[in-house]
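Working from the sequences, and respecting the hints, build out all of it.
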Amino acid sequence: MKIRPTAICAALMVIVAALPLTSLAQGVETARVQETVTTARFKKAAPYRVGVAAGYLSNSWVVFCLQHIRYEASRHKEISEVLVTDAGFNPGKQVADIEDLISKNVNLILYWPVDEKAIQPALEKAVAKGIPTVNTGGGFTYGPGTVANAFIDQVVLGDMVARQLFKDMRGKGRIIAMLPIAGTTAAVDQLAALRTAIKEFPQIELLSAEYGDWNRAKAKQITENLLQRHPRIDGVFSPAGQMSIGVAEAFEEAGRLKEVVMSPGDEYNGWLKWVTKHGRGGAVTFPTRVGQEAVRLGLRILNGEPVKRGLTVPSEYISPASISRYVEPKRPDDWWASTLPEEWKPK
Amino acid sequence: MSTEAERPRVRMAAIVSGLSAGWLERAAIWVVLLALLGVAALFSDAFVQPIYLFNMVRQAAPVGMAAIGVTLVMVMGGVDLSVGAVISLAAVVAAVLMDGQAGNIGYALAATLTIGAAIGFANGVLIAWNRASPFILTLGTAVAVYGLTQIYSGGTARGIVAPGFREFFNQRIGGLVPVLALLFLAAASLAVLVQRTTRFGRSLYLVGSNPGAARLAGLHGARLTVATYTLSGLLAALGGITLLARSGVSSTFAGRGFEFDALAAVVLGGTTFEGGRGGVGGTVAGLLVLFVAFNLVNILGLNYNTQRVVAGVIIIVASAAYTLLTSRR
Numbered sequence: 001m002k003i004r005p006t007a008i009c010a011a012l013m014v015i016v017a018a019l020p021l022t023s024l025a026q027g028v029e030t031a032r033v034q035e036t037v038t039t040a041r042f043k044k045a046a047p048y049r050v051g052v053a054a055g056y057l058s059n060s061w062v063v064f065c066l067q068h069i070r071y072e073a074s075r076h077k078e079i080s081e082v083l084v085t086d087a088g089f090n091p092g093k094q095v096a097d098i099e100d101l102i103s104k105n106v107n108l109i110l111y112w113p114v115d116e117k118a119i120q121p122a123l124e125k126a127v128a129k130g131i132p133t134v135n136t137g138g139g140f141t142y143g144p145g146t147v148a149n150a151f152i153d154q155v156v157l158g159d160m161v162a163r164q165l166f167k168d169m170r171g172k173g174r175i176i177a178m179l180p181i182a183g184t185t186a187a188v189d190q191l192a193a194l195r196t197a198i199k200e201f202p203q204i205e206l207l208s209a210e211y212g213d214w215n216r217a218k219a220k221q222i223t224e225n226l227l228q229r230h231p232r233i234d235g236v237f238s239p240a241g242q243m244s245i246g247v248a249e250a251f252e253e254a255g256r257l258k259e260v261v262m263s264p265g266d267e268y269n270g271w272l273k274w275v276t277k278h279g280r281g282g283a284v285t286f287p288t289r290v291g292q293e294a295v296r297l298g299l300r301i302l303n304g305e306p307v308k309r310g311l312t313v314p315s316e317y318i319s320p321a322s323i324s325r326y327v328e329p330k331r332p333d334d335w336w337a338s339t340l341p342e343e344w345k346p347k
Numbered sequence: 348m349s350t351e352a353e354r355p356r357v358r359m360a361a362i363v364s365g366l367s368a369g370w371l372e373r374a375a376i377w378v379v380l381l382a383l384l385g386v387a388a389l390f391s392d393a394f395v396q397p398i399y400l401f402n403m404v405r406q407a408a409p410v411g412m413a414a415i416g417v418t419l420v421m422v423m424g425g426v427d428l429s430v431g432a433v434i435s436l437a438a439v440v441a442a443v444l445m446d447g448q449a450g451n452i453g454y455a456l457a458a459t460l461t462i463g464a465a466i467g468f469a470n471g472v473l474i475a476w477n478r479a480s481p482f483i484l485t486l487g488t489a490v491a492v493y494g495l496t497q498i499y500s501g502g503t504a505r506g507i508v509a510p511g512f513r514e515f516f517n518q519r520i521g522g523l524v525p526v527l528a529l530l531f532l533a534a535a536s537l538a539v540l541v542q543r544t545t546r547f548g549r550s551l552y553l554v555g556s557n558p559g560a561a562r563l564a565g566l567h568g569a570r571l572t573v574a575t576y577t578l579s580g581l582l583a584a585l586g587g588i589t590l591l592a593r594s595g596v597s598s599t600f601a602g603r604g605f606e607f608d609a610l611a612a613v614v615l616g617g618t619t620f621e622g623g624r625g626g627v628g629g630t631v632a633g634l635l636v637l638f639v640a641f642n643l644v645n646i647l648g649l650n651y652n653t654q655r656v657v658a659g660v661i662i663i664v665a666s667a668a669y670t671l672l673t674s675r676r
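One line per chain: the protein sequences are A and B, in this order. Numbering of the first sequence is given in my numbering, commencing with residue 1 and proceeding in unit increments. Numbering of the second sequence is given in my numbering, commencing with residue 348 and proceeding in unit increments.
By construction, these hints were calculated from the structure, which means they are not laboratory data. Please note that a few of the clues may not be correct.
[Stated by the list, open to error] Below, a list of computed lysine to any residue pairs in the SDA-like style, where the Cα atoms sit at most 25 angstroms apart:
1. A:K218 to B:I663
2. A:K330 to B:R513
3. A:K330 to B:E514
4. A:K277 to B:E514
5. A:K258 to B:F516
6. A:K199 to B:L649
7. A:K277 to B:Q448
8. A:K277 to B:D446
9. A:K104 to A:G88
[Unchecked claim] Just a sample of chain A residues kept apart from chain B, beta carbon distances all over 12 angstroms, derived:
10. E35
11. T39
12. A40
13. E81
14. V114
15. K129
16. N303
17. E305
18. R309
19. L311
No residue lacks a Cβ here, since even glycine has one placed at the ideal position from N, Cα and C.
What follows is the structure in structure tokens.
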């Protein structure tokens, strides 16, 4: 059968065009976060088996987050075992993983989703069987399948990054924004925070908001085009350090790095190295220790203590002058500054 | 009916017509590329600046390296969907083996290329002697290689690029041509030369267009299959090294999706899934059409979703224009 180029391209086009429709993002609602959850029905005697239903384990941030979970579990004698499953970005597999953990009689499930809606029935099944579930990471979920959340508020993070950038720009200038994958909680919340903050700074103009997909090469390519389009760019809003490096490289190669103020990125080691070298930018943390907080939160639930629906793990600003305390020059770029003891860091 | 005197003229006209048809088929995608560049230049003068155009070639180099190998495989009638996974693995392995030491660069690059070639070799052997479907087999290889990358890396791209490595490949010769772009153009030129002037290159077309005739002509299809897939693996590994040089290593999935970009470039450039047609020259033009399309919508400042729609439409129109040009012979 002969396949025409037009048909191939049309098929690719349909796939590409459909991707944004998978958007699931929602903003964080304070009242829901603060809601008190009674947990008496989950109270159990130790020892506990903790299940981790990972939506994916193939990026460095979640690898560190998981190490925090293991580390925290090792500090509690009442936790006898940690069982980890990896769905590899497959929502169907994550459903099966959760059901598998239920059948293995785990007492607590920590998870980060691939597709929040797809796994809800499986999570609800766990809760119905008396197994509490804790959403762990960068998003807040409100639904019967999620007992509580240990999370980093990306609206707050975005706001901190934006305000620090505007301060460094002395309140005026033209900026571009480099965001993660379109439609994700991170991208939606960070852009919302930026747009809200910008209202207080009438002399700041947002030239363009782009999506670099957490991909250094893509962020660099997009920035190379933005540099062609805009003869003057005064600032870059880029909360994700791994994309910030790509953006900064594009400015540097175009000989325009001096004209621009880079916003804080996160504690991604490659970015921290860049900040150390250039003495600018700083960081607003996206703490991997959220994994530890999730374990502690889960133990409180298993003790029957009332908890808040959302436990926020706060982001912190690290100035360029203080970055030397966090950077690890002999470690890879794809690494995170963390509070993990050396023996618990990924090998 | 032509007279005796008219026959040479008719024969000559037929030859000229045949030559021009062949030329048109080969040149059609370049005509489309030039037309697209012309349109793009109306919207932004970046598309007439040599420095920007060479930078675009540098952007395209990682996918382009893999696309060269995929082209050779497809001319032979196969397909290689494992190139994205090999690119990811190669970028991670090269950085790990460099370990931040300039003295390790040679060894790291040699080992990485060997691993890529070995994966291609395995693909070739399984396809040649197992008669497995190349589509399914290389898809399986991709899944396995992604898994191996995760096992090897533990989920973090834990290598450290050696000092001087990225600086060398990103420097611009004469302040204009990035070494990476030059490397890609050199690899593509070499591949064109191989496909046009060597027995190996001509054999690919014969096996792709008529495997039975190739067998009768004494060509050893299995050996050719193994050699071509090995070359594809090697070039994909070179794509991974190119990606590492261009933007460093920031994830263990850096090449994910590149297999589809490579396929799109190859098919847009006139190489068909049935084999026996097309070539690397067309693939280079197809690749540049894709990159001009994506860069144009980016430069235009359209919002994200509109960018995707317009880029898709440009690709469809380019593909349709190409089909129109080549079907008029």
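Hint numbers contradicted by this structure:
none
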